[in-house]
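There are 4 protein chains.
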Amino acid sequence: MKRKIGIVGATGYTGVELLRLLVNHPGVEITYVTSREHAGTRVDAMFPNLRGFLDLDFSAPANEQLAECDLVFFATPNGVAMKSAQALLDAGVKVIDLAADFRIKDIAVWEKWYGMQHASPQLVEEAVYGMPELNREQVRGARLVANPGCYPTAVTLGLLPLVENGLVDLSQVIADTKSGVSGAGRKAEVHTLLAEAGDNFKAYAVAGHRHQPEIAQTLSLIAGCPVKPTFVPHLLPMIRGIHATLYTTLTAAADLQSLYEQRFAQETFVDVLPAGSHPETRSVRGANVCRIAVHRPGNESRVVVLSVIDNLVKGAAGQAVQNMNLMLGLEERTALGNPGLLP
Amino acid sequence: MKRKIGIVGATGYTGVELLRLLVNHPGVEITYVTSREHAGTRVDAMFPNLRGFLDLDFSAPANEQLAECDLVFFATPNGVAMKSAQALLDAGVKVIDLAADFRIKDIAVWEKWYGMQHASPQLVEEAVYGMPELNREQVRGARLVANPGCYPTAVTLGLLPLVENGLVDLSQVIADTKSGVSGAGRKAEVHTLLAEAGDNFKAYAVAGHRHQPEIAQTLSLIAGCPVKPTFVPHLLPMIRGIHATLYTTLTAAADLQSLYEQRFAQETFVDVLPAGSHPETRSVRGANVCRIAVHRPGNESRVVVLSVIDNLVKGAAGQAVQNMNLMLGLEERTALGNPGLLP
Amino acid sequence: MKRKIGIVGATGYTGVELLRLLVNHPGVEITYVTSREHAGTRVDAMFPNLRGFLDLDFSAPANEQLAECDLVFFATPNGVAMKSAQALLDAGVKVIDLAADFRIKDIAVWEKWYGMQHASPQLVEEAVYGMPELNREQVRGARLVANPGCYPTAVTLGLLPLVENGLVDLSQVIADTKSGVSGAGRKAEVHTLLAEAGDNFKAYAVAGHRHQPEIAQTLSLIAGCPVKPTFVPHLLPMIRGIHATLYTTLTAAADLQSLYEQRFAQETFVDVLPAGSHPETRSVRGANVCRIAVHRPGNESRVVVLSVIDNLVKGAAGQAVQNMNLMLGLEERTALGNPGLLP
Amino acid sequence: MKRKIGIVGATGYTGVELLRLLVNHPGVEITYVTSREHAGTRVDAMFPNLRGFLDLDFSAPANEQLAECDLVFFATPNGVAMKSAQALLDAGVKVIDLAADFRIKDIAVWEKWYGMQHASPQLVEEAVYGMPELNREQVRGARLVANPGCYPTAVTLGLLPLVENGLVDLSQVIADTKSGVSGAGRKAEVHTLLAEAGDNFKAYAVAGHRHQPEIAQTLSLIAGCPVKPTFVPHLLPMIRGIHATLYTTLTAAADLQSLYEQRFAQETFVDVLPAGSHPETRSVRGANVCRIAVHRPGNESRVVVLSVIDNLVKGAAGQAVQNMNLMLGLEERTALGNPGLLP
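Residue numbers (the working numbering), protein chains in the order written: chain A, 2 to 344; chain B, 2 to 344; chain C, 2 to 344; chain D, 2 to 344.
Bear in mind the hints are in silico, worked out from the structure with no lab data behind them.
Treat the hints with caution; some may be incorrect.
In silico DSSO-like pairs for lysine-lysine, Cα to Cα no more than 27 Å straight-line [claimed, not checked]:
no.	chain 1	residue 1	chain 2	residue 2
1	A	Lys106	A	Lys229
2	C	Lys84	B	Lys229
3	B	Lys229	B	Lys84
4	C	Lys106	C	Lys84
5	C	Lys113	C	Lys5
6	D	Lys229	D	Lys113
7	D	Lys188	C	Lys188
8	A	Lys229	D	Lys113
9	D	Lys84	D	Lys113
10	B	Lys188	A	Lys188
11	D	Lys188	D	Lys113
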């Protein structure tokens, strides 16, 4: 019998991407899709790519109906899931939050970066950071998953083998990251208009970005000591895709290519390219894959790792479906088996 | 002595384009730039391309200060200029409205399409439709100029020689037009986000668009009888540029190439391409030019005219400066003499 | 048992798109992929989106190996399939040509437009024009299918209900069409460089384009009398997508919306939008769908039909797979069931 | 009297950009524009943005005619200027090479990176690296100028104040750079097609890029000791613009904002943004400006400098005109005084 799935806040890009991935999932059924603003509208009137795939209207969010689902995704702005998660968990519903409410373990740090009081601090400890390549078994057993941020996914997977093995100078970690504009969400704003962000490139938030503490937390946990990466995000004049260019310094000898290949040999969704490669964001467009290449220019101590994902798939909805599959005891790859769209 | 120029509502794309063109104009000085919302902000903080060219803050609009200008541009939404124009004209200030308030002579038609009551119907008759290639002498003598719409500029110039000479079937005029998104203005809206309008193409307003009656009015005036063109606009995934593809049917023999060349031989800002050409929007990027090619496929009766402009230049701010030059007795080409930016 | 599929010339965009669609097809196996130039290269080295999906090298084309396939696709330039098709058919292999070799029934017309002598005129009569919505049963029984051109697919499907029912003035048919640059193929050329075609829009081939006779042939066949549409293609600054804006004139009363809905009610791959809609190319990105909206502005006699496809899917590889499914007796929708990628 | 200017190889992007800037230059006249391949073609037939500005055909390059010029630009591939420069200098003609022939002082290094034997090693010593902000007086007196590379311009100007003042750890210099595709030139190649480079982002040449030794040479010269920056270039899905994100580590206390402002206070073409800013490439589109912002996130020792230029202007043709103005004793800013094109 198909599991019942609810999606809260499905009018944004991570919402429609969840729908795109789930409409053909053989083990689940989307039963409830909410939008306060668009209640009563057909979902496929807003997202015509779904015409013929989903016969559903947006509903106003109601706890009783969410409580009938087996699992609920929150594809909402930060600060929404933390208000409803406890009630759903109490009703036996599993929860995946695609926003940041449960990502940061240190409540004070979270409140500083997200500018609000946390509504469910008691759940933060329990929440599992949903990156299966890092902690698959924990995800399998989780009631509540904090789906990782898009930049943190690309950066963490890119640095994982180096940090796990204690091979690099942790005081010299730089993540120069670039994202397509869909990462900014489907919000009416001037700076992401095509006439502003098109044919243009810029850094932003150099003074500090919310994904820096998330990355720092994960890397510190892996390293067993505090890591404070320098993190600089940039806005790309395109829709989908993140490219992380990661710089660090080797402190021990290592065959990096085989280190990476071995670390991810069993991982369907991490693809280590042959030595000397340069992954392209388009190779993962629409696909739940992180493609990685590792370089050591001139064979010196500087390591340069290139890591690409589709920010809406492995960086959001795809990874969420991967987590859902694990939480529901389904095959991890279900509904995530299509190649990227190239060109 | 330099003439004093005011710009009302200079925070939009036609506003910043007026500024770009005027900062190097030897005959005028920008003395007053208004924005209700951004009063007190430096103009070049919003538009950093102007750093080093303009040492001015946005001011809240005030009639006394506007009244000290020689000429005021309204780069405002529809319905703003009509409320202030009379007072400025009474104070001896010339006015150019880049919006639609004074374009349509039939008040009832205007009110139907623009959805509001006209605040200065008495000025509509006086207002000169500012397309110098059509009515240069009237523009020279005007106090109040209605700067043409972007689509109407490309369509009217493209059809002008055919309609003036009575060569085509006026019941068979189709204007299939395509515009970059800057034509939608610098407004926070979802449908013009890069993630929505990028890598995408669609028609809009097929049932009816405000520029249809404007085009119909001008063509009818030229033809001396009612013309009702079919007008379909589309949104291009790029920033600047309009391409009008114009279809009509010849009713008399004519050498179209030489007809077009002769009609525009004295026009600096209309460039008739050699026979067989296809004008590209990028060839006019940033330039006050309309490039036109005229085709007669298979030498049959169907005529296909291709007409391109930069919607922000010949379709808005550039044509407005051209009108300003005429109204102030300056050389028509002043500050409009740079080639387009290609590539 | 899975059918064996060969693809000749798989290094272009229709080739990689065939591969993307077929790697997950449950009824077929890609056994042979050719490229004279890249023989010996892994397919996924050229197209990294296929890493993990296809363990195959490009081979130099060899007739013996092609003869072992159940069906061979030619994703080659014009003029290639016509040289090999007869031998393959003789060996009992079914053939689908994605190029134009077998589309035009009048050999003289074909030779004029394609600038070469036809190498297999004897096969042209037999070849079935592979548009299942028009002639599904013929495709089912075909040995040799001429896969339609991208523009002709969008234009023909858009006009089909009107022409079939004799509702319009066939001397007044205008197809103003716009295509993404992938339609020009994966060839090293200056005019399709990003620095040339990006941020730019232009018409091309106004004097005459090869798809005009193809459209004329199909419409004439449907109408039962000669139709000579005016056809003007344009190049869009984006990768995938065709938008056809079709103009004609009604000669009889008709409820166009219900006409279109009924005509395509049973067609999975043609989606008639609600009245008043404007289909977007992105809604079909990566999907084998033609989305259509029909308009009659002001309820007058002019009809405006908007028709969008992904030129690489319903306009090429997707329609080819649809034809293959029919020819092999498989369910027509197999491997074509994913929603478009939006945003 | 106007100086006579020749341009060798004017069919590429730096060539047409030189033409765009020079057609309105009051002190020079373009007398001779060469292209072996397109001799006899009107320049404005290839570059229609120049219609009305330049009445000239491409000529086959001929030394006698070049020798009649006052100054000749080489907008050619690497390896061309070095074959003709000596003869022109001997004839009293000044030369600016926009390619790399005279940039690297160490001939062996040059030959290694450019893969050919140097044809005029005797001129390399004399050639002045044409970055006026670094060595204006040398440029003024030069007969032969090596116009800097695009990346080196953005990187060097961005690091100049730090390196000049010995404030940073020179073993920790990372330049993560991103360029629009016009930097790859107007060559028929697959990887820069819109369908390949559009909607995509990737690093390239991580193992080593020709601009690394050029940057290293200049920084080492300024520092007075060897500097080996890590240099990683990336390809942006847009036409014009370079963004350099520069990372290094402070070794001494400094007020970086005022350091940068003072260093460039007298420089028209370097614009230091207010503290906390993020320069956008579009703010310099078409303009001869380098915009810089300097950051120190968390006030720690890591410095992040953001530096943007238009690769075709300050990164190529604009800087070349700036050099020409100095070499000919003209006002340095002539013909370089237009604001960037925004949006």
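query = Is C/Lys84 within 27 Å of B/Lys229, Cα to Cα?
reply = violated, 52 Å
Would you mind confirming whether the straight-line C-alpha gap from A/Lys229 to D/Lys113 stays at or under 27 Å?
Cα-Cα ~39 Å, so violated.
Assess, step by step, whether the Cα of B/Lys229 is no farther than 27 Å from the Cα of B/Lys84, and give holds or violated.
Violated. B/Lys229 to B/Lys84 sits at ~30 Å, over the 27 Å cutoff.
_Against the 27 Å threshold, does the CA-CA distance of C/Lys106 and C/Lys84 hold or violate the hint?_
holds, 17 Å
**Message:** Between the alpha carbons of D/Lys84 and D/Lys113, is the straight-line distance 27 Å or under?
**Reply:** holds, 18 Å
Review point. Going straight from one Cα to the other, do D/Lys229 and D/Lys113 come out at no more than 27 Å?
Key: holds, 17 Å
B/Lys188 paired with A/Lys188 [C-alpha distance capped at 27 Å]: holds, 12 Å
Given the hinted pair C/Lys113 and C/Lys5, is their alpha-carbon gap at most 27 Å?
violated, 36 Å
Notebook entry, point to check: Within 27 Å, alpha carbon to alpha carbon, are D/Lys188 and D/Lys113?
Noted result: The given pair, whose Cα atoms are some 23 Å apart, holds under the 27 Å limit.
Item to check | 27 Å limit on alpha-carbon distance, applied to hinted pair D/Lys188 and C/Lys188 | outcome: With a Cα-Cα distance of about 12 Å, the restraint between D/Lys188 and C/Lys188 holds, given a limit of 27 Å.
Below or equal to 27 Å on CA atoms is what counts here, so check A/Lys106 against A/Lys229. Between A/Lys106 and A/Lys229 the Cα gap is close to 16 Å, so the pair holds against 27 Å.
Checked against the numbered hints above, the structure violates hints 2, 3, 5 and 8; every other hint is satisfied.
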